[in-house]
Amino acid sequence: MNTIYIIFLIFLGGAVFTYFAGKIHKVLQDILFLVSILVPAYLFFANVEIGQNVNLTLGGISLSWGINYFSWLFSLIVLGLGSLAAIYAVGFMKGEKRRGYFYFNFILSIMAMTGILLSRDLVSFFVFWEIMTWSSYLITIYNGNKVQSIGIKYFVFSAIGAYAMLMAIVMVHHITGSFLIGDMIHAYPAMALSMQIWIPIMFLMAFGVKAAMMPLHVWAPGAYSNAPMAYTSVFSGALSKMGIYGMTLVLVTMVNHIPQGVWFREVLAWLGGITAVIGTLWAIQQDDAKKLLAYSSVAQLGYIITGIAIGTELAMLAGLFLAVMHALFKGTLFMVVGAIEKQTGTSNFTEVTGLIRKMPWTFLSALLAIIALAGIPPLGGFVGKWMLYESLITSNHYLLVIVIFFASTAAFLYCYKFLFGFFMGQEEKEWAHVKEAPAVMVLPMLIMALFMLVLGTFPGIILNPINHGLQALGYADSYKHLWDTSIILNSWGNKVVLQPILYSIAGIFLFFIAFLTWKGYKNTRFISTKDISSSGEVPKEDENLTFSVGFMQPFYRAVEPAMRRQIDKYYNAFADGLEATFEFLRRIYTGNGQTYAIYVIVFVVVMLLFKDFLF
Amino acid sequence: MVGTPVLFIAIPLMAAFLIPLLGMIWKELVRIVPGLVLTYLLILSINLLDHVLAHGPIVEVIAGWGPPIGINLVFSALSGFLVVLMEFLGLLVWAYSYRFKRNVDYEPALKYFLMLMMLITGSVGIVLTGDIFNMFVFIEITSISAYGLTAFYKGRNSAEASFKYVMMGSVASTFLLLAIMIIYAQLGTLNMADIANKIHLMNPTLKIVSYIFFVTALGIEAEIFPLNGWAPDAYAEAPGPVGAAFAGIVVKAAVYAIIRYTYTIFDLSGTFNFLIIIGMITLIIAETAAIRQEKLKRMLAYSSIGQMGLVMVAFGFGTEEGVFAALFLMLNHAIIKSLLFFSGSYLTYNSTDKKISEVNGMSKFLPITSLLFALGAFAIVGLPPFAGFWSKLAVMTAAADSNMILIMALVLIVSVVELVYYLRVVNRVYFYKKEADVKPKRPTVNALIVMITLGAIILLVGFYPDAVTGLLHKASAGLMDKTQYIHNVLSVR
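As given, the protein sequences belong to chains A and B, one line each in that order. Every position in the first sequence, counted from 1, becomes a number in the working numbering once 2 is added. Just so it is clear: in the second sequence, position 181 is 179 by the working numbering, and no numbers are missing.
Because the hints were derived from the structure by calculation, they are not lab data. Incorrect hints may appear among the rest.
Below, a list of computed lysine-lysine pairs in the DSS-like style, where the Cα atoms sit at most 25 Å apart [as the list claims (entries may be wrong)]:
id	chain 1	residue 1	chain 2	residue 2
1	B	Lys431	B	Lys362
2	B	Lys362	A	Lys25
3	B	Lys439	A	Lys25
4	B	Lys431	A	Lys96
5	A	Lys613	B	Lys205
6	A	Lys28	B	Lys362
Since we're looking at a predicted model, the values are computed, not measured.
Chain A on its own, in the form it takes in the complex (with noise of 0.2 Å):
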């Protein structure tokens, strides 16, 4: 039997065994959860060739599975991250209910991207999309809490996207008479130019979605931070990818084909500009650190978008990178969270300070994720950012790149106050007894965040795949021309050398460590929040004194006109409009049997009436 069956019958299997082996004993479904998860993410890079093929037919539609180069690299993210969220999982749900269902589902949804990169015909792309939606959103609603709204606006933009998806895919068998995306990908440039409008909007809808693409992201800030955070780290790394999988496909092999092609990927790079923006705005604001995450997870997805919609080599490269240090850094931060959570009981910074000298594990992979995610060298987000600003000045988008510099300098100050919320700042004694995560819980982080350090200094270890990937969609090679194995040692980029600003920014940091550790050693002083010694006022009693407590108001009152406007309060208003259409229209079911008789003999005489008209 050929691996790829193998694998998705161990990922079935092992989501039904797992579930059922909590009745047994709480160890072995642990252990029967790593295993469905590692085992089958060793068999797929081990075992599964790239370009080889498996056919079968279902319901008289033909499936073909296969994998790659381009599916190969985001296999890396969703396996990689799984197996190693899989192994914090374990840590994070030691001890909490329902664990079944959340193993159940886990499994369940890493198989389904798996499958989604598999997928070779766009039938069993959708099925395994939708099972992706459906096992995702089970997750999400996995605690409980605002089930209704939370969960059902995840699940309803899920599906708009899907069935918008869904039209696509019966519209492209009805013009092409197959379901493979091969076909598809040759039919297109011969399609009626209103097929070829209609199909790659229709198909970026159900990735914008999934990618949380303004104005198709407000269920994202809800759906990551309700979820476990053991899941969201996936959730927001993983899982959001599958949108800019689909995303790049579609550009690359559809849009790419037509003139108008231009507006599309104009359009979206300015979508993905203002999603980074809002997105980085709104963490800012955030006193959670779940709901700072998510919605920085939104703004980084824009840069994504952006980097893949402009399209040139160099662009897309930057954006792939990023793509693939967002799912190391932010699932380290979920997962960090995560722990702090679970730790501490809550994820709020105004409550929760000082743990550097409790958790320094967890702190050390924060720190090194909060640099990468901040774009500072020596960590990887800066390659990747590098990358994208030099490719939209390459390729004339100057105002573009006003935008996303604003959106990225922003950053910082949500980054300044996730690290200093939780890490620094006065040491309560309410959090005295908290203690460092378990090892299985760090250890993924501190794996992840040894990642980041690597591919900060040599970025082609990513890279390198990330061109096979590209060439396998048509771009040419561009290696040693656009970047190569290391950013130190090699020569690097053709336009800017890097090696000199690398060098000054190192240096400057560098004098400043000293400088502080210098300066800060004499001065140090551990105090408590009621200290108030250098300050007059006498506080209240029940007055919170955490210094994250109303951070950043002054930055927020200059912005805060641009962020009265909520998409949300508009899908909100137009649902609530519906509901109650609804309302009026189910009235028309009066329960009054006489009423229904009447409706029979008017439903009689319109159609003896317009029986010319309709027969």
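Fit chain B to the supplied structure of chain A, relying on the hints for placement.
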């Protein structure tokens, strides 16, 4: 051959006479015998279907009078498929309700099982018959049993619901009889094949009028808007398994009748578009009404109406693909909606109002029932990898191939509405706190077996649709080939 189609009518009728007598010997026989009859008929129908798929349709002549004079029964791939489905669901309904209400004593049980058996017999008769007056008789048998079952609880509300049903049903039979009279006056024959053969001789206006009357009459039974006023009340007030029988058996028979008239008998232009229009209106109104319901069974009833609207739309494409999609939808709807009615009845077992809010937190007390309800909800909105997905895909493919892009968009938008109200209920079952005064009732063993069987079928069809698609393709090809049907019937001597 192991039997003939006439047994589907003869055996239950005979059993119906014998059951009260057997009940005098041992009261339990009243409950057991219908099950035995249904089991035998199910096996018979499967055997016959097997034979038909290999050797072509069976046309049974009753009392030696060949067509077009005598009554004949036609067991083709299409009607065979529906008969198997109906007998199977009938058996499940019987098994489910075997001890549904333990406190029900002898006399109601006798009536319940007799009427249930007659309901199934009538529906099977509608599907099998090749004669329009004979069909009228079977429709009456079905309706009268349905009235009785609706009023089974003898309460004020069920009596009212049943009365509404009677009212609409009698309007339906009046129109049906009128339509038959017009046809007989014009063509002098009642045999479907013969009518189809001679329909071009008919006065065009009268042809249209009789079609309208047929559609009105059958539309009442098939729950087409605006003729379906009886349905929500009847579903809500009838016992839970009867709701499943209505959705899975009675309505299917009525839809079959409409389709037979539209595809085989009448040669009017515009009937397909007409089906799409009324189907679309039914779908939209029913699904939007469903989202605002407060009672679970009522919500399921509206959802059922909506699905029938979608079936009409799929038949309205007029292509073989469309027929295939419609039959697939009918199969899925029969299985999934029955599961929803079965499990939903236990979720609201001890409540008088059957409010949706009373299912809150039931998953802790009825884990398997809740899981199956959730499975049914996921399947009926068409999420893969469950059965409903394949029929949805088939409908969409057929719509795209008929260039009905607007219809596709509308159907999908309505699906989102459907998704919302089903998920709301499932969320309540799993994530809400149970209200203190609600007492959960554990399902009986046979009910559990029935529900698990249906759940297994949903998964089977979901993972391996080939299990049914071959049969459905043959059935749809049979419906499209009108001349073959006429030839088959009229060549029998």
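In ascending order, which of the hints set out earlier in this document are inconsistent with the structure? Those not satisfied: there are none.
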